[in-house]
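Chemist: First to last, the protein sequences are chains C and U.
Taken in order, the first sequence gives residues -1 to 89; the numbers are from our numbering.
Taken in order, the second sequence gives residues 58 to 382; the numbers are from our numbering.
In short, the hints are calculated from the structure, not lab data.
Computed from a prediction, not measured in an experiment: that's the story for all the values here.
No residue lacks a Cβ here, since even glycine has one placed at the ideal position from N, Cα and C.
Take the hints with a grain of salt, since some may be wrong.
Label-pair restraints from in silico Cβ distances [what the hints assert, rightly or not]:
#1 Leu50/C x Asn225/U: 19 to 25 Å
#2 Lys152/U x Leu50/C: 46 to 52 Å
#3 Met26/C x Tyr212/U: 44 to 50 Å
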Amino acid sequence: MPDQPQPQKKGFLQNVKEVLYGMGRHDMTRYAIRTRASMEHLFILITMGDLLGIPILPPYYSLRLLPYVVPQIATWKRRMLREKDVSDAMF
Amino acid sequence: MPNQLGSIVSKFPYIMFGGKGGLGKTTFSAATAYWLAEQGKKVLVFSVDPQASLSDIFQQDIFGKGPVKIKDNLFAQEIDADTHIKAYQGEIRRKILDMYGFDEVPDEIEQYIQAASAEPAMEESAIFDAVVDIVVAGSYDYYIYDLVPLGHALYYLSMAKVYDEWINRITKLREEMREYEEMVSRLRSEKTTEEDAILTELSYIKGRINQSSRILTDKEKTAFFFVVVPEEMIILDTQKAAKLFAAFDVPIAGYVVNRVVPRELLAQDIPAYLRNRIEMQDRYLAQIKSNLGAQVQAYVPELERDVTGLPMIEKLARIMYADGQ
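Using the sequences and the hints given, assemble the complete structure.
Modeler: Put into structure tokens, the structure is as follows:
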């Protein structure tokens, strides 16, 4: 398992930091993570397109990338295959 | 002293004979390999064709057995794409199991592995990848590449060009993704994330594709010969193919004309059938001369029997490279 942050006593400064983070940066972080996730899906599409029947990379090489995207495949397929409506344009 | 063809051939470590099916690519590959081996050079003649015929010409089963020694300095290899692909699939599965601690590969992923391997492009890309391994290892002085028929080679060359571009873009996308990742880390005041394994893979793939297309297009090292016979359709098709190959920067070293019926026969009492064939060939030989002229590096006669087995290969090598021993 990747190293979990150990719970530790927080000092006053740490608390202030977190409040400020929540006020100012949380939204930006969320936005960045979201963009990152859409890009991830785009990435899988252009490398693993064969999964949806769109061959793109030479299959010999796309197999090399497969192990790295295994965890994302299920959500990616759901997203690619779901029906679209206007609200998609707004996320 | 080697003749014209011989002096060209000895300058290039990667030698290829291309052309329509059944014109004598394998035969010329074998004879050239034989000649170079006789000159004391270590030569590997290898085939990437799933219906390879090196086994037939050397009269020895070499399919999927790695480089097989035929005689001193001369080795032949037929790549078994199927086994290669199966082993590779196995590696991918093992990697997935190791990375995620699964007991078995998830259904969906397994289906993808199967489907990807069933695609026709799979075999080609696997073969070209195997070729990179063989050539990069550099254990031979000369590599003679018994090419698949023209269409496949062109297909691969065009793929290599597109893929290069494509992988550049994918890499760029991946790098942008990384920027977002770093931004998140910064916003959360975390330390930076670990290296992106996918980026590493992408640059590896790019390197491989570049290498395999470079083998086909390296002006310093590669000599590509077209095999033609004096027949109208073959001349026309070959000229078309030559244009396409040139467009993909394949260095064309010239043409070798095969199956020329010996003119000396005309002096003998021969049936009209043969006489007509010789006259027909004369017409097309004239056409070849006017169209290709100085690019024709050798004319090879039709022999009294098909070329299989070392003695016939030797005989052909002597004719092609006119050693006069």
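Chemist: Verify the CB-CB distance for Met26/C and Tyr212/U against the hinted window 44 to 50 Å.
Modeler: The hinted range 44 to 50 Å holds for Met26/C and Tyr212/U, with Cβ atoms some 47 Å apart.
Chemist: Per the hint of 46 to 52 Å, is the separation of the Cβ atoms of Lys152/U and Leu50/C within bounds?
Modeler: Violated: the Cβ-Cβ distance is about 23 Å, outside 46 to 52 Å.
Chemist: Taking the Cβ atom of Leu50/C and the Cβ atom of Asn225/U, is their distance within the range 19 to 25 Å?
Modeler: holds, 23 Å
Going through the hint list in order, the structure does not satisfy hint 2, though it satisfies all others.
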